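Counting in full-length UniProt numbering, the sequence shown runs from 1 upward without gaps.
FYI, nobody ran anything at the bench for these hints, they're computed from the structure. A few of these clues could be false.
[What the hints assert, rightly or not] In silico PhoX-like links for lysine-lysine, alpha-carbon gap of 20 Å or less:
1. Lys206 x Lys168
2. Lys168 x Lys140
3. Lys140 x Lys124
4. Lys332 x Lys287
5. Lys123 x Lys140
6. Lys332 x Lys318
[Claimed, not checked] Across the chosen pairs, the derived CB separations fall in these ranges:
7. Leu147 x Lys332: 48 to 58 Å
8. Tyr14 x Pro108: 30 to 40 Å
9. Ser210 x Gln128: 23 to 33 Å
10. Asn162 x Lys124: 19 to 29 Å
11. Pro92 x Pro282: 57 to 67 Å
Just so we're clear, the structure is a prediction, and the values are computed from it rather than from any experiment. Using N, Cα and C, we set each Cβ at its ideal position, and we do this for glycine too.
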Amino acid sequence: MAEINLVHVYKYFYPAFSFKNFFRKKGALLGPREPHFALTDVNLTIPDARTTVVLGPTGCGKSTLLRIIGGLLPPDQGKVLFDGKDITELPPGERRIGMVFQDYALYPHLTVKTNILSYFFFKKWTKQWSDEMEMEAEEKYRRTSQLLGVKLEHLSGRFPPNLSSGEKQRVAIGRCITRDPALFLMDEPFSHLDQPLREEYRRQLKALLSYFDVTTVYVTHDQHEALLLADRLVVMREGRIEQAGTPEEIYQAPRNLFVAEFLHPHPSLPAINLIPGDLMGPEYREKVIGIRPEDFSLRSPRAAGDYILPAQVVSVFKSPLAMEAAMRLKVKDRVFVEVPVPSGTSPSEGDEVGLLPSRMHIFDPLTGERTATHHMQVHL
């Protein structure tokens, strides 16, 4: 097992050479070679025996972060610590890491079984090889086959070019498992799979990670995938860590507007409804109020009380596969919000209702930072 620490890690890349970026001055050819920062002052602890999911939009630096942990890229500044030991300069092969990437990286000339047992295959030609290692390899192949939820015997003699994307992914994960790594690194391993397979493999992977209790770093831009797999969640943007914590902590107390809007567990609803602060009272005049869809409850349009917002139902919608309906409402003839339809109710377009929030996140409109979260006492 392993705890990983990244300490003040920076990584930057210089733009490719282009005459368009150059100019002449006093007879000299000069170039403004400003670096592009892929990672900026990253400080992160990845706890032992837990799955840490790094979540962020494309290009935010999450894959760069993963490759620095794996030793595939050197940091330009900072350190990578493995159980307190500095491994910044340690080659990838000496880090006891199992990696699974989007492109699978299988050996095309080796069979499925040999790919899965490649750690042992390459040891066959060394003095370390023994009958005990042969038995260990066969036992690990058998156990890995069971854990992956499928018998691999019918694939064992085939070669990667003849496998489907799903089969290649199983082989790549199986190869990672048989190495007995202290750390799993996974970079969007299911991105090439269609949706039904992706859902199935996510559940299998969750069971595998729980079974092995191996420290895991998993990179994705998919919020649903992140919430399913993460024991600890790290949200990134533009090379920086915006927030780290459990999924519940981040969802219930987002550090800023970006995190609040990016973490989006309900496909049919917005991540958060944002309304001008003055709608909630003069004390919030210079603020932006964020309210999660599930934090609204319906009241009579004539109900009295603080924070009850008069609203009108604009539309009610439900996708064919959705488990619950949602509705769009106009609040005080100024802004729109979307909320789930409470069970046992049948609102119609044009209905007048009262909206009572149970929790409000208060954001500074200039910085986007959350300044407070207010919980209201809701009596049913």
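Hints versus structure:
1. For the proposed pair Lys206 and Lys168, the alpha carbon gap of about 18 Å is at most 20 Å, so the pair holds.
2. In summary, the hint linking Lys168 to Lys140 is supported, as the alpha carbons are separated by about 18 Å, within the 20 Å threshold.
3. Note on Lys140 and Lys124: the hinted pairing holds, with a Cα-Cα distance of about 16 Å set against a maximum of 20 Å.
4. Distance restraint check for Lys332 and Lys287: the Cα-Cα separation of roughly 17 Å lies within the 20 Å cut-off, and the hinted pair is therefore satisfied.
5. As the CA atoms of Lys123 and Lys140 are separated by approximately 15 Å, the hinted pair is consistent with the 20 Å bound.
6. At most 20 Å may separate the alpha-carbon atoms for a hinted pair to count; Lys332 and Lys318 exceed this at roughly 24 Å.
7. Between Leu147 and Lys332 the C-beta distance comes to about 55 Å, which sits within the given range of 48 to 58 Å.
8. Separation of Tyr14 from Pro108 is about 34 Å and conforms to the stated range, judged on CB atoms against 30 to 40 Å.
9. Between Ser210 and Gln128, the C-beta spacing of about 32 Å keeps the proposed range 23 to 33 Å intact.
10. For Asn162 paired with Lys124, a C-beta distance near 24 Å keeps the hint of 19 to 29 Å intact.
11. Roughly 59 Å separates the CB atoms of Pro92 and Pro282, a value that falls within the hinted 57 to 67 Å.
The structure fails to meet hint 6 from the earlier list, while all remaining hints are met.
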